[in-house]
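From first to last, the protein sequence lines are chains Z, B and V.
Following my numbering, the numbering of the first sequence begins with 1466 at its first residue and continues without gaps.
Following my numbering, the numbering of the second sequence begins with -5 at its first residue and continues without gaps.
Following my numbering, the numbering of the third sequence begins with 72 at its first residue and continues without gaps.
Hints listed in this document are in silico derivations from the structure and should not be mistaken for laboratory results.
Take these hints with a grain of salt, some might be off.
Derived pair list, reagent style DSS-like, types lysine-lysine, alpha-carbon separation capped at 30 Å [said to hold, decoys possible]:
1. V:LYS185 - V:LYS207
2. V:LYS128 - V:LYS185
3. V:LYS128 - V:LYS251
4. V:LYS128 - V:LYS204
5. V:LYS251 - Z:LYS1513
6. V:LYS185 - Z:LYS1513
Covered by chain B, per the in silico footprint, the following chain Z stretches (three or more residues, Cβ under 8 Å) [unchecked claim]:
7. 1498 to 1508
8. 1536 to 1549
9. 1560 to 1567
Virtual Cβ for every residue (Gly too), placed ideally from N, Cα, C.
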Amino acid sequence: MANTLDIPVRLSISGPMRANAEVEVRLLLGHSMETGFRHDSSGAPVPKDILQFVTVHMGDVLIFEAELGTGMAANPMFFFSFTLPAQAGEMVVRWTDQQGRNGEMRRALLYR
Amino acid sequence: MLTPQTPLARRFCLAQLGVGVAGLCGVSQVIGAPDPNSQTDLRSRALPSQGIDITLPPLADNSNAIPLQFMLQAPVGLTLRGFDIIAPENPNRTILHLQLGQTQERLKFSTRIRLAMTQEVWVLAHLSDGTTLGRSAHTVVTATACFDET
Amino acid sequence: MRFRCFWPGLSLGALLLGAHALSYAQTRLSGDHFLSPQLQAMQQDQDVNPVTLWVEKGQTLWRNNCQRCHQAPETLSRAAAEHPRLVTRNNHARLVNLEDQINSCRQRIGQQPKGLEDDDTLSLSALLHSVGKGEKINPRPPAESVGVQRWQDELGQGAALYATRLGRLNLACTHCHDGKVGAQLRAEVVSPGHPTGFPIYRLNWQTMGSIDRRLRACYSGVQATLPAPGSPALRQLELFLKVRASGMPLDGPAIRR
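Could you put the whole structure together from the sequences, leaning on the hints where they help?
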């Protein structure tokens, strides 16, 4: 339980929902991505706290894995082109922060 | 300032100067060494840019959330392995390192980045044969007018 | 008519500030007009706009906490446009803004109040401002005559504060936000400062924040000592700004620099 990190996630797909169609997957993750370079009003540095790894799978198949740096904006956004597979499946987004805490979000994709 | 009055003193001074010059050469050797992902380093690699199209506003109205969009197209016969987004003037230069799980020839990607200052942002595309494409786009970063300590 | 004193009072206020503050149509522009095309595009697309994350969280919080009394959030579509309000409890009257009211409601259902800038508070505020999008800003005095006088006093204090020089820069709000609207201030253009887009996702903060925080930031901008969050001065200023913006439609929670 201490190892879980729940964050707000918005996942939407833009394009035709059918086998082999090219769509745009739009992923927005709610996280402050604190760089460690900011200071609070008393002058003390605000500690670094970022999401370090994000992976996206379609069922068991890896779509991408990414390593994030402090140069990713807060509430990071990943919009990417993607070809839907022949069989409708479940999209799984996983994230790990720099402290090793994990979370995931699953979305069953339904074809029309 | 001591002036060399005697030949020995003059030789000593010249020797000191020589050491100094040699020292400077040594320092410039260190400076000349590759600084990975610096602007100089990226430029000097002369990466082919064909196949990368970047959209980045030439004037960013804030430094915290600058929209970056790019299209990658692998040359015929090759596929994309992944990409890096690099900001040479940021304290941590690699903004994003992404590896694709599937073979694909084409990718369209959008995100938002933070930039510490005006600079060129680089997108490096890694291909299935181990080679790399690279292109940059320049943006001028402006800050908010008033200081906010909240 | 009960509000007999109101209009003369407001006219006097207008005279004090310079009538141009309340009459020129071009100064009745929302902050949206002062956003760059990129930021306007970011705002228009729900998938791109980080505000969406707070509104969606607000919907979940509403279902689990608020629905039992208030039914659908749309039943409170006028709430955002009509705060701050003068609320009297135990013979004690004070100006309360929407984030304060959210805390009041929490206590009513036996929960602890949270910070004004707490994620949950801002999520609920974002939801209520979102269902209030398009509603005309219209803060009003309370019904009973004792409250009316107090409300006018608070408004008068807010108006006075707006015209008071503050900080090391020795500037009053009116100098820039009435006198220099449209002028360039470094890389920004001065807006009239109408409170139509709260709570805001301020890129400078890289998160959502309430009007309370933004007004404190204004004090910071003129290098004045910041009032504490929730100070009466901040509520008075908020009331004044909303009366000044009366009739302008709410933008819904917006993106600002």
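**Unmet hints by their number, sorted upward, for this structure** = 3, 5 and 9
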